[in-house]
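**Student:** Sequence:
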Amino acid sequence: MKYRSMKKLGLKPSAFGLGCMRFNGDASGDSTIDEQKAIALIRHAVDGGVNYLDTAYTYLNKTSEIVVGKALRDGYREKVTIATKMPLGAVKDRSSMEAVLAEQLRKLQTDHIDFYLMHGLDRKEWEAFKAIGAPEFFEDMKREGKIRFKCFSFHGPYEDFEYILNDYDWDMVQIQYNFMDVDNQAGTRGLKLAGEKGIPVVIMEGLLGGRLSGAPENVQALYDAFPVKRSPVEWAFRWLCNHPEVSVVLSGCNEKEQIDDNLRIFDTVQAGVMDADELRLMENVQKAYHDRTKIGCTGCKYCMPCPNEVNIAGIFSAWNNISLYCLDPAEDWGLKRIKENNNGANMCIGCGACEAACPQQLPIIEQLRNAWSELK
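Counting from 1, position 187 in the sequence shown corresponds to residue 195 in my numbering; the numbering is continuous, with no gaps.
Honestly, the hints are just simulated from the structure, not real lab data.
Some hints here could point you the wrong way.
Said to hold, decoys possible - Below, in silico cross-link-like pairs of lysine-lysine (DSS-like), each with a Cα-Cα straight-line distance of 27 Å or less:
1) K16 / K205
2) K87 / K20
3) K87 / K302
4) K132 / K200
5) K309 / K347
6) K10 / K87
7) K16 / K237
8) K78 / K132
9) K347 / K384
10) K20 / K264
11) K344 / K384
12) K70 / K154
13) K78 / K150
14) K150 / K237
15) K16 / K150
16) K87 / K132
17) K264 / K302
18) K309 / K295
Computed from a predicted structure; not experimentally measured.
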């Protein structure tokens, strides 16, 4: 296992951090789990050299922290650092924050949490956390020794990330990042900004929810043609670990074989590991994925709200994602919600308001029909 450096914090975390949300194989992280199997998986990862575990208050119907706590009995707690998260939806004031933290400490069977994160921030959520005194609460809990480091995980546009990162004295940040998300959310700019400020970065969604663990035919052909043979998973993790700003790459595993494969991969990767040919390959892979795009919608949403409540941007996003990653439309969460909320293209009456507002002048009405015929 390769270990990285969190210089600001004086820690050397394992490059592979075990994500504790998907022990049941359900990407939503909402279902119940086989507790004994999950405990065995956690201990197997720790025995293999993993010293960073990531969980959250809400994961697995609020049972993930319980399982992690049980797995860390018998001396395992001393071998790892724990990251968990406080969701805005569970707190409203100082007393509720204290109650949530106390509950998490009980579940995790520990007297302190190493990395305590405000969960899933964008600028609006950060301002809401500030309004109830969460930053001051985190400071107090750090002084009392109940948490070691003040952190946040992020889902939002880069501008929000820059604002939040510069607005508080953070110890660590967790972002979604992979070779397909270089311009999405915090993206490469956010990674570099955190690195410049000396703030350690933990990566989530390195495989984009598992979408990058396989490859469509045109992408696989590029991998197959390269002289060195590696799986799509190994290429994705290798690309991430090549970045010196990355401290930990999280990976959720629900089988022992997946952990073993990750242990092998993360024993061979470090900053600067990729040569020019490998970097060129990944650029071509990214382009090959983008060549599968159905429509060049940027998601600006100038076309919305639709007078008939059609979720135009959501439909085009689902259409593109399903094409890019060869997904089953029935398994796409976004498309499921659109259908459940009756916001599908079948509601379009062809009024043209969306096309008049589209800065790219896309033929939205025609493409909505095309998309819906493939997605319904």
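**Student:** If any of the earlier hints don't hold here, list their numbers in rising order.
**Tutor:** Of the numbered hints, 3, 7, 8, 14, 16 and 17 do not hold.
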